[in-house]
Every structure is written in C-alpha cells, then in structure tokens.
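Protein chains: 2
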Amino acid sequence: MTCSGEKHSINVVALAGGVGGAKMVDGLAQVLDPDCLTVVVNTGDDFEHFGLYICPDIDTICYTLAGIANVSTGWGRSSETWNAMDTIKTLSGETWFKLGDRDLGTHLVRTEWRKAGKSLSQITHDFCNAWGIRVSVLPMSDEVVRTIVVTRDGRALPFQEYFVKYQCQPEVSSFIFEGIEQARPAPGVLSALEKADLIIICPSNPWVSIDPILSVSGIRQAISNKIVIAISPIIQGRTVKGPAAKMFSELDIQPSASAVALHYKEFLSGYVLDKTDYKESRLITQWGIIPYETNILIPTAEDRARLACEVLAFYLKLRRSSL
Amino acid sequence: MTCSGEKHSINVVALAGGVGGAKMVDGLAQVLDPDCLTVVVNTGDDFEHFGLYICPDIDTICYTLAGIANVSTGWGRSSETWNAMDTIKTLSGETWFKLGDRDLGTHLVRTEWRKAGKSLSQITHDFCNAWGIRVSVLPMSDEVVRTIVVTRDGRALPFQEYFVKYQCQPEVSSFIFEGIEQARPAPGVLSALEKADLIIICPSNPWVSIDPILSVSGIRQAISNKIVIAISPIIQGRTVKGPAAKMFSELDIQPSASAVALHYKEFLSGYVLDKTDYKESRLITQWGIIPYETNILIPTAEDRARLACEVLAFYLKLRRSSL
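So the protein lines, in turn, are chains A and B. Position one of the first sequence corresponds to residue 4 (this note's numbering), numbered consecutively onward. Position one of the second sequence corresponds to residue 4 (this note's numbering), numbered consecutively onward.
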C-alpha cells in the first residue's frame with residue numbers, strides 16, 4: 004500500500020498504547036518505508052500474572068504488525084485456542100485475565116529471557132525479527148513502570164485489575180506511574196525522536212497509554228520542538244474502545260475530541276478529529292492547534308492506510324505552512 | 004471393574020513413577036475401593052522450566068486416573084494442542100521439553116499456588132478433587148528432591164535434561180537425589196504405609212523412579228515389615244518404555260526381570276514377572292522371593308484391571324502362606 008504511488012520516507016515516531024494505537028500503527032506501517040517508522044509503546048500496562056511477564060500493548064502492536072492479531076477483539080492472537088485456560092478453570096485457578104494458548108508462548112519466552120537478563124527492548128527486537136516485523140517497535144522504557152489507577156473510593160488498583168478484572172467499573176480519581184522516576188527511555192527512543200520529522204500520537208487513551216510514555220524522563224522534552232500530530236481517540240463524546248471517555252467524565256472533564264487536544268495542548272501542532280466533531284475545530288484552532296477533520300474510524304486495513312496517508316499529507320501541509 | 008464381582012478392600016500403597024506406574028495404578032484404581040488405594044509418587048523428576056514448576060510423574064499418574072491422559076504417548080493430555088509451543092518455536096525459545104496447551108494450565112496453576120505457599124501435597128490433593136480422582140495421590144515428599152544423573156563422562160545432568168533433552172543417550176554411572184537428606188515423607192505417606200496390607204512397587208524404573216521414593220527418610224523402614232510385591236518393568240531383558248534396561252547395562256548389571264528383583268531383595272515378598280521370563284523364577288525363589296508369572300504387558304484398561312486382580316490374588320496367597 005502506498006499514498007499516491009510511493010512509500011513515504013518521512014521519519015515518523017508514533018507513540019502508542021494497545022488497540023487504538025495498533026490500528027494507527029498498522030496504517031502507518033503500510034504506507035511508510037519501514038526504516039522511517041519507530042513505534043514507542045506504553046509499558047505501564049505490563050504486569051505479572053501466573054509468574055508470566057505480560058506486555059499487553061507491545062503484544063497488541065506486534066501481533067497486529069505481524070498480521071497474527073485477532074482482528075475482531077483487537078487484542079490477542081488469531082486462530083487462538085484456549086486449552087490452557089480451560090485447565091486453569093477446571094483447577095479453579097484465576098481466570099479473569101484471558102491467556103490464549105498461542106499468546107502464552109509469547110509470555111513464556113519473554114519471561115524466560117528477562118530472567119536470563121535480556122532487556123525488554125532486546126526481547127521486543129528479537130520477537131519482531133521472528134515475526135517478520137520490519138518497523139522498529141520500542142518499549143518506552145526497559146525499566147519497570149506500573150500504572151496504578153487510584154479510584155474515588157480510595158483504592159490503588161494495578162492497571163490490569165482495573166481494566167480487566169473490574170472491567171473499568173471503579174470511578175477513577177488519578178493515576179500513578181509507579182517507577183517512572185527511575186525509568187529511562189529505552190535504547191533508540193531518544194535518537195528516533197531526535198531524527199523524527201513527525202511525532203504521531205496515536206488514538207490511544209491519553210491518561211493511561213500516552214501519559215506514561217510522555218512521563219518517561221526526556222521524552223516530553225524531545226518532542227517539544229517537533230511537529231506533533233495527535234489523532235482523537237474520541238468520536239462524538241465516546242471512545243471507540245476502552246475507558247478514555249469514562250475517565251474524562253470521572254475527572255470532571257466533558258469527554259470530547261477537543262478535551263483530548265487540550266490535554267496535549269502544550270506540544271500539539273495538528274489534531275485529527277472525526278468529521279462528525281467538526282464543531283470542535285473552532286475551539287481547537289483557538290488554542291493554536293491546526294485541526295483536520297476526516298473519518299477516523301479505521302476498522303479495516305484499507306481504512307488504516309487511508310487515514311495514515313491523510314495524516315502524512317496533513318503533516319506535509321503543516322510543514323509547508325511552518326516554513 | 005471388579006475382580007470376581009466385588010471391589011477389593013485391601014489397603015494398598017503403590018509406589019510409582021510415571022508411565023509404567025500410571026498403568027499399574029490405573030488397574031488398581033479400577034478394582035480397589037478408592038479409600039483403600041494410596042499412590043506415593045516420585046518427585047525426583049520434577050523440575051522448573053520456563054519458570055513453571057513441572058511434576059511429570061504426578062501429572063502422568065493424575066491424567067491417567069482422571070481419564071484425560073494421552074494413551075498413545077503415555078504422558079501428557081488427550082485432545083492436546085501445541086499452540087503455545089508453536090509460538091515458542093517461532094520465537095526461538097527452548098523446545099526440547101514439549102509443553103502441551105492443556106498441560107500448561109496445570110503447570111501454571113501449580114506454580115502460582117506454590118508461590119502462594121501451598122504445599123505440593125495440598126496442590127495435588129486439590130487437583131485430584133478437581134479432576135474427580137477418588138484414590139489418594141501423594142507426592143513422596145513436599146520438600147524438593149532432584150534426581151541428578153551422573154554420566155560416565157563426568158557430567159551431572161538434571162533428570163529431565165538427561166531424559167528428554169539428551170534422550171537418555173549419555174551413559175550413566177550413578178544417581179544423586181539432591182535434597183534427599185532434608186526430605187520428609189509428605190503428609191499421609193507414613194500413615195498410609197502403616198495401615199497398608201500390601202505395598203506394590205509399580206513397574207517403574209528402579210533407579211530413578213522407585214529409589215528416590217525409598218530414599219526419603221522413614222519410607223524404607225515403614226515397608227520393611229510389610230508384604231511387598233513388585234511388578235517387573237523389564238520383559239525379556241528390555242524395558243517396555245524408558246531407560247531402565249539401558250541403565251542396568253551401563254551399571255554393569257545384565258538387565259533382566261530378576262536383576263530388578265535382586266535390586267529390591269531386602270524387602271520383597273513377591274515378584275510379578277512376565278511369563279516369557281519364567282526361567283528366572285528359580286533364581287528369584289533362591290533369594291527367598293515368591294515369583295508369579297503372568298502377562299505383564301498392560302496397554303489397555305482391561306489388561307491393567309486384569310493384572311491388578313492377579314496381583315491382589317497373589318497377595319492373598321502370600322498372606323495365607325505367611326499366616
């Protein structure tokens with residue numbers, strides 16, 4: 004797939020969470036020269052379960068790029084089986100986090116290699132090689148960062164418990180990124196940001212997917228003098244998937260495309276929102292951010308490539324206007 | 004299944020390793036009142052792989068008793084899938100030990116529960132309940148014992164590496180049961196032995212399945228004044244499965260049914276050998292052991308029940324003659 008006949012060679016760094024991030028990255032990977040795309044992935048969702056080191060966002064990104072993702076759920080593997088889970092259920096083990104059999108293999112190897120001293124970025128690199136992924140996928144950090152959801156009733160829930168076990172039911176009051184002070188950007192992150200022509204903030208959850216990445220020391224600064232385009236994860240006040248809109252409400256912010264733009268205001272050059280939210284463009288413009296309206300619902304590979312082309316064309320327009 | 008119309012209520016403790024042990028235990032479980040059968044299982048083969056706590060012999064025994072074993076391999080689960088393994092292979096993880104998807108669930112729950120402080124005997128008890136196993140299956144010990152195979156070329160190989168990774172190729176010179184000095188019999192083992200009418204030594208490997216059990220402090224003594232019957236794991240100088248015969252040769256002992264009887268001589272009352280080995284009965288008799296010749300190849304459930312009935316009838320005969 005190309006945009007008007009050739010692969011783009013714009014150097015892009017995409018900041019991404021899981022499902023929404025994977026869709027955008029899938030589009031970008033289709034239309035960019037693979038050497039030009041680096042994906043920096045949130046690891047705040049990572050957790051240990053059954054002793055396994057699980058990286059939900061990295062896995063979703065990699066499975067999607069490798070073409071082995073379950074496209075109907077957005078997470079996990081295609082042609083998946085659930086026989087280990089079946090045994091776990093029979094034995095009354097914990098079943099709140101669904102571990103597919105193919106997916107389990109990923110966690111088993113990652114856990115083993117981490118114990119052997121390999122860094123998460125090295126492991127991710129090796130996995131990408133094995134899966135034939137040619138773009139660069141980097142964890143935001145090799146150090147452990149854990150997103151904790153602080154709830155209104157005073158609990159501090161590890162993200163996956165909030166997200167999967169409690170199905171995002173508890174009302175949130177704030178977020179803690181445990182370990183963030185010690186976290187350095189993974190090898191390759193800062194150099195990719197430095198040489199980037201364009202930073203894309205994927206349509207991921209601002210609070211728990213993008214903020215952890217931006218909170219890693221040096222990353223916010225590295226994007227501050229770059230052209231940064233975000234794609235809205237919210238359409239008509241609702242998220243396509245996940246709790247972002249619910250979180251905005253619980254934090255007493257009306258959930259909307261523009262609320263996300265405002266969240267990123269300090270460094271945002273351009274903002275891609277759904278054409279049905281066109282009324283918000285005026286507000287976004289007032290904040291000094293250039294809006295771009297289009298269809299941002301991208302369920303299919305074709306939709307994703309189309310949106311990626313539009314975002315890159317939008318970037319070229321922004322660059323011309325800033326020259 | 005019964006022997007001549009009713010369930011036996013002889014109190015039996017069976018000492019067992021993996022595949023051969025499971026077959027014999029399967030027969031005994033068919034014909035004994037479940038309250039009358041306790042299986043004490045070797046744990047010297049246990050090991051950690053991919054961070055999972057794996058108990059090959061306990062699993063083989065339990066899968067067989069639960070009717071969920073792969074009857075063609077003798078180990079692992081029926082209707083098994085290998086999708087986790089497929090991922091591990093793609094990612095260049097270690098593949099020498101085959102982890103089926105259903106089987107993986109067992110290891111994941113056991114590992115988790117051990118980390119939570121549950122003992123192996125408690126875990127095994129809970130697994131048996133979940134699988135509807137009514138006979139009592141006990142690990143020989145809750146303490147960790149590791150069988151190390153010392154090879155002629157001076158290596159000390161953990162058992163599963165010798166057995167699976169190196170396919171029993173290295174020549175053995177001796178065996179070490181690491182941790183055996185600290186190992187106490189698991190709860191229930193000594194009391195079961197005490198009330199036992201009959202101790203059955205299953206057709207398992209004497210060196211690496213039965214000797215570890217007998218080496219746990221107190222067990223050898225507990226069987227010393229009991230009627231003990233062993234079933235030969237060797238027919239016509241060869242083992243049905245596994246390296247027992249090869250080990251005898253490498254230890255400069257001619258592999259034979261009688262060689263196994265001699266190995267157990269100090270406490271053996273009766274010995275069940277294959278009828279094709281009838282010539283060895285005279286020698287066995289000379290050692291003060293009563294031989295019993297029959298067909299000891301027991302691939303099917305019916306064969307196993309038949310042999311179990313014969314062994315119990317043999318016991319009744321021994322008991323009558325000892326009164």
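It cannot be assumed that every hint is accurate.
Identical copies go unnamed one by one, so any copy, or any two together, can satisfy a pair.
SDA-like cross-link-like pairs, simulated, lysine to any residue; straight-line CA separation at most 25 Å [unchecked claim]:
id, residue 1, residue 2
1, Lys92, Thr5
2, Lys168, Arg309
3, Lys198, Trp99
4, Lys10, Ser75
5, Lys249, Val167
6, Lys168, His266
7, Lys118, Arg241
8, Lys118, Leu94
9, Lys118, Leu286
10, Lys278, Asn73
11, Lys320, Thr98
12, Lys282, Ser81
13, Lys92, Ser81
14, Lys101, Glu51
15, Lys118, Asp36
16, Lys92, Gly120
17, Lys244, Trp99
18, Lys278, Gly135
19, Lys121, Gly240
20, Lys198, Phe178
21, Lys168, Ala133
22, Lys92, Ala119
23, Lys320, Arg158
24, Lys229, Gln125
25, Lys101, Gln289
26, Lys168, Gly120
27, Lys249, Glu305
28, Lys278, Ala304
29, Lys101, Ser252
30, Lys121, Ala304
Treat the hints as calculated values from the structure; they're not laboratory data. Note that the structure is a prediction, hence the values are computed from the model and not measured.
| Failing hints, ascending? | 1, 2, 3, 4, 6, 7, 9, 10, 11, 12, 15, 18, 19, 20, 23, 24, 25, 27, 29 and 30
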